[in-house]
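Undergrad: Residue strings, one per chain:
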Amino acid sequence: MKAHIMNRKAAPAAVIIAVSAVVSLLTIILHKQSVSVCSYDGEDIMSIYEVNIKIKNGGMLRFCSVYCAEAWFRENSPEAASVTVTDELTGEKLDASLAIFVESDVVSVAATNNRIHVFKDEYQAREHAKQYNGRIVDNPFSLSK
Amino acid sequence: MILNVYTIIMLFASALTGILAIPAWFMSYRMYAMWKQSLHAEAKTDIENKSYLLLLMATVIVIIKLLSWPFFYVTLQSYVPEIRGAMCIFGVTQFDPSMSNALQLLKPLVFFLIGGWLLLNQLDRRAETSPLFRRKFLFLHLISFMVIADSVGDFIYFAGLKTEGSVACCTTFFDLPERATALLPLSILGAEYERYMLPAYYSFNVMLVIFMAVSYRGVRNIAPDKNNIMGATLSGAVLAALTAAVTIFAMFEVIAPRLMKLPYHHCIYCMWQYVPDSILITALFIIGVFLPCWALLLNMLGRHQETDATLRTYIMNIYFAGAVSLSASLLMVTLHLALE
Chain F
2 MKAHIMNRKA
12 APAAVIIAVS
22 AVVSLLTIIL
32 HKQSVSVCSY
42 DGEDIMSIYE
52 VNIKIKNGGM
62 LRFCSVYCAE
72 AWFRENSPEA
82 ASVTVTDELT
92 GEKLDASLAI
102 FVESDVVSVA
112 ATNNRIHVFK
122 DEYQAREHAK
132 QYNGRIVDNP
142 FSLSK
Chain P
1490 MILNVYTIIM
1500 LFASALTGIL
1510 AIPAWFMSYR
1520 MYAMWKQSLH
1530 AEAKTDIENK
1540 SYLLLLMATV
1550 IVIIKLLSWP
1560 FFYVTLQSYV
1570 PEIRGAMCIF
1580 GVTQFDPSMS
1590 NALQLLKPLV
1600 FFLIGGWLLL
1610 NQLDRRAETS
1620 PLFRRKFLFL
1630 HLISFMVIAD
1640 SVGDFIYFAG
1650 LKTEGSVACC
1660 TTFFDLPERA
1670 TALLPLSILG
1680 AEYERYMLPA
1690 YYSFNVMLVI
1700 FMAVSYRGVR
1710 NIAPDKNNIM
1720 GATLSGAVLA
1730 ALTAAVTIFA
1740 MFEVIAPRLM
1750 KLPYHHCIYC
1760 MWQYVPDSIL
1770 ITALFIIGVF
1780 LPCWALLLNM
1790 LGRHQETDAT
1800 LRTYIMNIYF
1810 AGAVSLSASL
1820 LMVTLHLALE
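For the protein sequence lines, the chains are F and P, in the order given. Residues 2 to 146 (the numbering used here) make up the first sequence, in order. Residues 1490 to 1829 (the numbering used here) make up the second sequence, in order.
What the hints contain is simulated information worked out from the structure, not anything from laboratory work. Where is the CB? At the ideal position from N, CA and C, for every residue including glycine. Hints may contain errors.
Computed footprint of chain F on chain P, listed as stretches where at least three residues anywhere in the stretch have a Cβ under 8 Å from a Cβ of chain F [unchecked claim]:
1) 1646-1660
2) 1728-1738
3) 1748-1762
4) 1808-1816
With the sequences and hints as input, model every part of the structure.
TA: As structure tokens, then:
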């Protein structure tokens, strides 16, 4: 009788555990990281604000904003081989050391409250700073440090 | 207000439960006040007959409210595309943080009390003379008040949400070095606290599973005249509370980043959307830690000479369900950590 009661409980328990395991296994199999999401917080990447960091083992990390890239870089700068940012006006990719960074009142990526903007052209950078209460700031991705 | 199908269902459920809870609040107190052990059998039967409609109404209210907790998050998730800057539920909650935080604290409390009441009601129905009649109606009186507060809160919150403006989302809150989930373990465990989070998570969860499995077999054999069952259920509830605290920190700091494959992102809300089975992991975990607390609540409110044997069976079953639920949650986390 006691064994019967145990079996009556053990069967649904085994089913719950088995189903949970199958659900997890299916999720793991199907869970492929989308190529267009930020490597820091998973946010969708808008190409005009994209930052790419090439790491020394040959891989490439993509970030949705300077904010996320900087947050990653603060912790892992020795791993970074090169940093490429995007000129907000033209969408052109350029090395971070060649870009002008402006911190202003304009939020580019709302999710991260990113206020740092990237320009290739210094005149355009200064114009943006003048127009939106901004200032030119140092390159946050200095590889020499 | 952001009007979509989820908002309509949420508001309808809140209106229904809120309206039904008002008479339930009054009537449950009336039942509590009317019922006395000294009443003769006919008077008791008369009160019992009057209580059926109230119990039916209460059951409808509490079941809808049980479901409304997860549905609250489903509704918030449906707003993510509508709000500029929101990438997960956290962003949505930033439009009215005080109200959303209050609701996020109230809903699990209501869920917990409702679960306890359903068990108490079931226990009382199994007894022949309704020995828990007064207690369950006084308890229902309290729950009805909480349900009214929750429903009013839902109405104020969902009706007042606006889509104008933008919000900063979880990255600017959960990923800061000074976040609360990092500062506390940092101050206790030191700079390398992350190394200890997973072992702590496993230790507490496994301890709780073992406790429930052992208690499942042990409760039946405890002498009825001793306070051992109270001691056991109290220990279980304390262990569950500690496990919950450790797991919340571990989830934010270690498990969510690893499950999402985003090692610097510590947001549970994002984990739910990027790794869908983590919703099941969370649900199983919540049930697994609530069950030992329900066992304590049931033991505190359901003790009576007439219910003693049934109460033991209930507590045993609660521990069994808790052990299964928590084991399933642990297994799912382990599979993710091992295979990804």
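Undergrad: For the region 1808-1816 of chain P, do at least 3 residues have a Cβ located nearer than 8 Å to some Cβ of chain F?
TA: Since 4 is at least three, the answer is holds.
Undergrad: Please check whether the region 1646-1660 of chain P has three or more residues whose CB lies within less than 8 Å of a CB on chain F.
TA: holds (count 6)
Undergrad: Are there at least three residues in the region 1748-1762 of chain P whose beta carbon sits under 8 Å from a beta carbon of chain F?
TA: Since 7 is at least three, the answer is holds.
Undergrad: Go check the region 1728-1738 of chain P versus chain F for me, would you? Three or more residues, Cβ under 8 Å, otherwise it fails.
TA: Check failed, 0 qualifying residues.
Comparing the model with each numbered hint stated earlier shows that hint 2 is the single one that does not hold.
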